[in-house]
Amino acid sequence: MTGELKLDSCQYDENKLKSGIADHIACRLEFYGLTQTEAATRMGLRQPDLSAVLNGKLKGFSVERLAHCLSALGGNFRLTVKEASGSDEHFVLKDS
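In case it helps, numbering that gives the first Met the number 0 puts the sequence shown at residues 0 to 95.
If you are wondering where the hints come from, they were derived from the structure by calculation, not from laboratory data. The beta-carbon is built from N, C-alpha and C at its ideal position, and this holds for glycine as well. Be careful, since some hints might not be right.
Cross-link-like lysine to any residue pairs, in silico, SDA-like; alpha carbons within 20 Å at most [claimed, not checked]:
| # | residue 1 | residue 2 |
| --- | --- | --- |
| 1 | K15 | V62 |
| 2 | K17 | E29 |
| 3 | K56 | A25 |
Ranges between beta-carbon positions, derived for each pair [claimed, not checked]:
| # | residue 1 | residue 2 | range |
| --- | --- | --- | --- |
| 4 | F30 | N54 | 14 to 20 Å |
| 5 | N54 | G32 | 18 to 24 Å |
| 6 | T36 | A83 | 40 to 46 Å |
Go ahead and model the full structure; you've got the sequences and the hints to work with.
Below, the structure is given as structure tokens:
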């Protein structure tokens, strides 16, 4: 189960990024057959907070916090910053 959300510098939007991570969290719940309560426990959240995330209510959740939630469900988060030309990676952030 993999997916990639590509954003270029002209269209970067934190809410779009957070929404993409939330979608991956939802896919993991479905894939593993987890209830919201089970998943919330694994992620260190309360079930109502996970419900909010799954319903797109992401205020109060940083990209980093959502990435940790995804990681708690076995997902990997990787943010890569590259030159505009697409060559030479300069910075990679992994949460795994």
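Starting from the hint list further up, note which numbers the structure goes against and sort them upward.
none
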